[in-house]
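Given only the sequences and the hints, what does the whole structure look like? Please build it.
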Amino acid sequence: MSIWEKMTSLPREIVMGLVLIAMIIPAMNPLGLPLFTGDMSRAWYNTVDALPAGSVVLFDVGYGSGGYPSLGPGNIAAFHQMFEKDLKIVMMATALEGSMMYPLVMEGVKPEQNYGAVYGEDYVFLGYIAGGQTAMAGVLGDLKALVSVDYEGTSVDSLSIMDNVNGADDFDLVAYMTTAGGTAEGWVYQAYSQYNADVLGGCLSMMTTSIKPYYDSGQILGIMDGIKGAADLEFLTGHPGDAIVSSDILSFTQALVLIFILIGNVSFWMTRGKGEAS
Amino acid sequence: MVSVDPQIWIAAFFTIAATSYAFRDNVVFKFAENTFIGVAAGHTIVMGVKNIRDYGWTHIMQGEMIYSVAFLLGILLYARFHRDYYWLYRYPIAFLVGNGIGISIRAAIHSDFIVQVAATASPLIKSDALGTVNALITFVGVVTSISHFIFTQEKIHEGAIGIVPKIGRWMMLLAFGASFGNTVMSRFGMYQGRIIFLLREWLQII
Amino acid sequence: MDYRRDIPLAITFLIGIIAVLDYYTGVQVITDTFTLIKNWGVVIQGFALGLGAVNLLRVHGKRISQRSGGTDWMFSGWLLLMMAMFIVVGLGTGQYDAGPTYSWIYNAIYLPLGATMYSSLAFYMAYGSYKVLRARNFDAALLFITAVLVIMGNTPALAATFPGLFYTREWIFGPIVSGAYRGIRIGIGMGAVVLGIRTLLGMETGYLGRR
Amino acid sequence: MALLTEGRIIPLIAFILTWVATYIAIGMGKEGKIKIRRIAGLDAIEEVIGRSVEMGRPVFDIIGMGQFTDIYATQTIAGLSILSYVSGLCAKLGAKLYAPQARVDVMPVAIEVVRDAYRVEGKLDEIDVDEQLPYLSGTQFAWASGIIGMAARMKPAGNIMIGPFWAESMMFAETFDRVGAMQVGGTARTYQIPFFAALCDYVLIGEEIFAAGAYVSGDPQQIGSIAAQDWFKFAAIGLSILGALLASVGVNIIAELLSR
Numbered sequence: 001m002s003i004w005e006k007m008t009s010l011p012r013e014i015v016m017g018l019v020l021i022a023m024i025i026p027a028m029n030p031l032g033l034p035l036f037t038g039d040m041s042r043a044w045y046n047t048v049d050a051l052p053a054g055s056v057v058l059f060d061v062g063y064g065s066g067g068y069p070s071l072g073p074g075n076i077a078a079f080h081q082m083f084e085k086d087l088k089i090v091m092m093a094t095a096l097e098g099s100m101m102y103p104l105v106m107e108g109v110k111p112e113q114n115y116g117a118v119y120g121e122d123y124v125f126l127g128y129i130a131g132g133q134t135a136m137a138g139v140l141g142d143l144k145a146l147v148s149v150d151y152e153g154t155s156v157d158s159l160s161i162m163d164n165v166n167g168a169d170d171f172d173l174v175a176y177m178t179t180a181g182g183t184a185e186g187w188v189y190q191a192y193s194q195y196n197a198d199v200l201g202g203c204l205s206m207m208t209t210s211i212k213p214y215y216d217s218g219q220i221l222g223i224m225d226g227i228k229g230a231a232d233l234e235f236l237t238g239h240p241g242d243a244i245v246s247s248d249i250l251s252f253t254q255a256l257v258l259i260f261i262l263i264g265n266v267s268f269w270m271t272r273g274k275g276e277a278s
Numbered sequence: 001m002v003s004v005d006p007q008i009w010i011a012a013f014f015t016i017a018a019t020s021y022a023f024r025d026n027v028v029f030k031f032a033e034n035t036f037i038g039v040a041a042g043h044t045i046v047m048g049v050k051n052i053r054d055y056g057w058t059h060i061m062q063g064e065m066i067y068s069v070a071f072l073l074g075i076l077l078y079a080r081f082h083r084d085y086y087w088l089y090r091y092p093i094a095f096l097v098g099n100g101i102g103i104s105i106r107a108a109i110h111s112d113f114i115v116q117v118a119a120t121a122s123p124l125i126k127s128d129a130l131g132t133v134n135a136l137i138t139f140v141g142v143v144t145s146i147s148h149f150i151f152t153q154e155k156i157h158e159g160a161i162g163i164v165p166k167i168g169r170w171m172m173l174l175a176f177g178a179s180f181g182n183t184v185m186s187r188f189g190m191y192q193g194r195i196i197f198l199l200r201e202w203l204q205i206i
Numbered sequence: 001m002d003y004r005r006d007i008p009l010a011i012t013f014l015i016g017i018i019a020v021l022d023y024y025t026g027v028q029v030i031t032d033t034f035t036l037i038k039n040w041g042v043v044i045q046g047f048a049l050g051l052g053a054v055n056l057l058r059v060h061g062k063r064i065s066q067r068s069g070g071t072d073w074m075f076s077g078w079l080l081l082m083m084a085m086f087i088v089v090g091l092g093t094g095q096y097d098a099g100p101t102y103s104w105i106y107n108a109i110y111l112p113l114g115a116t117m118y119s120s121l122a123f124y125m126a127y128g129s130y131k132v133l134r135a136r137n138f139d140a141a142l143l144f145i146t147a148v149l150v151i152m153g154n155t156p157a158l159a160a161t162f163p164g165l166f167y168t169r170e171w172i173f174g175p176i177v178s179g180a181y182r183g184i185r186i187g188i189g190m191g192a193v194v195l196g197i198r199t200l201l202g203m204e205t206g207y208l209g210r211r
Numbered sequence: 001m002a003l004l005t006e007g008r009i010i011p012l013i014a015f016i017l018t019w020v021a022t023y024i025a026i027g028m029g030k031e032g033k034i035k036i037r038r039i040a041g042l043d044a045i046e047e048v049i050g051r052s053v054e055m056g057r058p059v060f061d062i063i064g065m066g067q068f069t070d071i072y073a074t075q076t077i078a079g080l081s082i083l084s085y086v087s088g089l090c091a092k093l094g095a096k097l098y099a100p101q102a103r104v105d106v107m108p109v110a111i112e113v114v115r116d117a118y119r120v121e122g123k124l125d126e127i128d129v130d131e132q133l134p135y136l137s138g139t140q141f142a143w144a145s146g147i148i149g150m151a152a153r154m155k156p157a158g159n160i161m162i163g164p165f166w167a168e169s170m171m172f173a174e175t176f177d178r179v180g181a182m183q184v185g186g187t188a189r190t191y192q193i194p195f196f197a198a199l200c201d202y203v204l205i206g207e208e209i210f211a212a213g214a215y216v217s218g219d220p221q222q223i224g225s226i227a228a229q230d231w232f233k234f235a236a237i238g239l240s241i242l243g244a245l246l247a248s249v250g251v252n253i254i255a256e257l258l259s260r
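Residue numbers (the numbering used here), protein chains in the order written: chain A, 1 to 278; chain B, 1 to 206; chain C, 1 to 211; chain D, 1 to 260.
Everything labelled a hint here was simulated from the structure, so no lab data went into it.
Among the hints, a few may not be true.
To be verified - Covered stretches of chain A, going by a simulated chain B footprint (3 or more residues, C-beta under 8 Å):
hint: 1; stretch: 130-139
hint: 2; stretch: 191-197
hint: 3; stretch: 212-221
What the hints assert, rightly or not - Each computed SDA-like pair below joins lysine to any residue, with the alpha-carbon atoms no more than 25 Å apart:
hint: 4; chain 1: A; residue 1: Lys110; chain 2: B; residue 2: Gln204
hint: 5; chain 1: B; residue 1: Lys155; chain 2: D; residue 2: Ile24
hint: 6; chain 1: B; residue 1: Lys155; chain 2: D; residue 2: Lys123
hint: 7; chain 1: B; residue 1: Lys126; chain 2: A; residue 2: Gly218
hint: 8; chain 1: D; residue 1: Lys123; chain 2: D; residue 2: Met55
hint: 9; chain 1: D; residue 1: Lys30; chain 2: D; residue 2: Phe234
hint: 10; chain 1: C; residue 1: Lys62; chain 2: D; residue 2: Lys92
hint: 11; chain 1: B; residue 1: Lys155; chain 2: D; residue 2: Lys33
hint: 12; chain 1: B; residue 1: Lys155; chain 2: B; residue 2: Pro165
hint: 13; chain 1: C; residue 1: Lys62; chain 2: D; residue 2: Met107
hint: 14; chain 1: D; residue 1: Lys92; chain 2: D; residue 2: Asp219
For clarity, every value in this text was computed on a predicted model and none was experimentally measured.
All residues carry an ideal CB built from backbone N, CA and C; glycine is no exception.
Next comes the structure, spelled out in structure tokens:
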């Protein structure tokens, strides 16, 4: 067996083991490289930045543990910006695990300590609402007919932030972060097509291409493109966190993947016609 | 210093157990997988009950008895497990399907068809050369990729005009490449969170 | 009339039509009716969340009672135990997902499993990219070019050294992705609408089950 | 309050037209007035099965984890149509078919479909559904590892994956590629198409799976729906070209009209 034949089929354990090492090294020794921010995340940042203080945002925590490593850091950065701008945030979850993500995100933002925000006045979490698009339509339609308590069971009538919030017309912005294709499209259908609302969407990088058409046509005003978008938001808002740390990990792992792709292709062309058919 | 918090240790164990599958299927992974299915189902039940309480029961408590119809329909879902009365579950399913379809297609025709076509029907000539080139590429991409999915007119896939759907296929393959590349980032971006957890919270070396 | 079949089809049609009319018309009585339908929908969906658990109980309960599949039944027992633990802690405290004990077990067990299960595909992805991304024919070559360019642009260290790579990546997400995916989006949208209409009209009855 | 909501006149017209078009097209489908072009992927499927017969190794047909009650039902139905076609060819040419199952509600239909195909060829005794259409698991990773295990043991010469697929698509495509199987993949879940496009010898992109399913099944419902969608695609192309040309010379009439 020639060297190229060996190179064309390296054992999976070797490839995967090297990838694991490539993740651990940069985590221990961060490089702190400069960051280029993408169009879509800058559009997200600018849309929020343009809102006057006191504007009300409807925010869907539409992901669970599977999406947390990618979307959690972005969510924290997004909330930093919103609290800093003195916006009021009405949060809900269309994902089953969304209500478990809420405390994790809030631990990262600490709105009481950092911004003097008060629960019930400046932000509220309505909890998980089942039904996907039905839940979205319910909240945007006649909110109080559907929701009467927040996620801890407190009556919404006793929370001042909800006094003037009855449906889509009272939200100045609808934003979501999700791992589900149906949720990403659903908010466009229910918020944009139904109420012509301003929508921002955050999703995993693998979904970005599929919801990009909505961004091009102005149905979504900004996209937070997975971990890259999260790093952009951390950078733009000036609150560096896990996403920027992960940039270094991405550098190492993806560089390694590129090397493997190169090996794969060179060895493929060198052995072409020799063993490929069998 | 390694963590002494039992919660962190349990989490670290499950992180490593779930990762092990990528290298080889094994009994520890099987244990982790069964745990995962169990807790996911448990969590779903908890959220289901809370959902019924918050959005159904509270209404009934406030005297809106009409919500008891929703309770009846909800309970009928479980008729599917009965040998003779299984067909009763079709009533609530029919309700959910009608509502789900109605609520999505009424807007889909606007979001996915009208707005998208309107966005394509925009000037091809922009103020700068790059803008014009980009607009042209986008336009060609839209028209040719739609034409690729026309199945009842054989003629557009033959002869000289057959190049149009073919270009559509090539454009889509280029776009899929971009999607593939982004997915690589997506997966690594997700796993890095676990690495940071293991090193920071469990081993406490960063 | 077959009340096992025709009534469900009529329900689907009626509810779907009210949803559609609510969108296109401004008649108050329709809007009010549809608000009620939506709110009922949320409640029924809450009930539907239990279906999966009942299925699990049936499958794994059978496995345990038959002691089947070598040691498989022990795993089944563990699975049901874990399910029971979450239910007891969640419902028993009366605080559901907002309770501290529930948070503790969630963060110890569910969170690491959920976060790792899908992300460990990263390793597959790495090996897959090595085995797969090969310019073996024209189609694969097209995919290969943009995939490699996007990975390079997404690699912060490379982009910092050669900014052009980052802008190339941004450009690919411009006209190329926009064009092709808009075409795909139009197709998917119309497909969904036509299927929806077929279902409302009772031509598509798969959801009724095949028994 | 106005009877019709403002800004929704064009969407309403489009909606009614879709309704009418679907009705007419399905009627035309029933009368056999619509012809669907043969998708190149179907020829590839024949080649996969022929190759398996030559090599004396089995063929896999995976239809995914979709159910009849979720929004991917049409993809599952397309997958079942293809399964029927594949099992017919396997019966005729003498290839051994494996079609592992993941859903309890789809499985009985799949078994019927396969048995019918073998019955038509008069070879019902050559199929053992318990062995060849096993129920693996309804859980994603358990199902994936079950199929990966089967593939590693049996070294199939061909693999056909048409239906709805999730993250397991990459695992399947990679595993079957490793054991040297020729693959045809197709799904309308756009997120997963890149993996099939990269790994399979032939890929059916998005709606091609519906056209392929309709072609092999000859079901007027499916054929009619495809025709109705085609009419709208022509409209989209026409409006786009006309609109873009007019807009380029400063007449923005189409985009304005569409926003009514």
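Quick one: see if chain B covers the stretch 191-197 of chain A, three-plus residues with Cβ-Cβ under 8 Å.
Answer holds; 3 residues pass the 8 Å Cβ test.
Does D:Ile24 sit within 25 Å of B:Lys155, going by the straight-line distance between their CA atoms?
22 Å, holds
At a Cβ distance under 8 Å, does chain B reach at least three residues of the stretch 212-221 of chain A?
Per the Cβ count (6), the hint holds.
Pair hint outcome, D:Lys92 versus D:Asp219 [Cα-Cα no greater than 25 Å]:
22 Å, holds
Between D:Lys30 and D:Phe234, does the CA-CA distance stay at or below 25 Å?
Measuring from Cα to Cα gives roughly 22 Å; hence the hint holds.
For the pair we were handed, B:Lys155 and D:Lys33, check the Cα-Cα distance against 25 Å.
Roughly 16 Å between the alpha carbons, so the hint for B:Lys155 and D:Lys33 holds.
Between B:Lys155 and B:Pro165, is the straight-line Cα distance small enough, at 25 Å or below?
11 Å, holds
Below or equal to 25 Å on CA atoms is what counts here, so check C:Lys62 against D:Met107.
Within the cut-off at roughly 19 Å; holds.
Is the straight-line distance between the alpha-carbon of A:Lys110 and that of B:Gln204 25 Å or less?
23 Å, holds
Could you grab the alpha-carbon distance between B:Lys126 and A:Gly218 and see if it respects the 25 Å cut-off?
18 Å, holds
Taking 8 Å as the Cβ threshold, is the statement that the stretch 130-139 of chain A is covered by chain B upheld or broken by the three-residue rule?
It holds, with 5 qualifying residues against the three required.
Given the proposed pairing of B:Lys155 with D:Lys123, does the C-alpha separation stay at or below 25 Å?
Violated, at about 39 Å.
In the structure shown, a violation is registered for the earlier hints numbered 6, 10, in ascending order.
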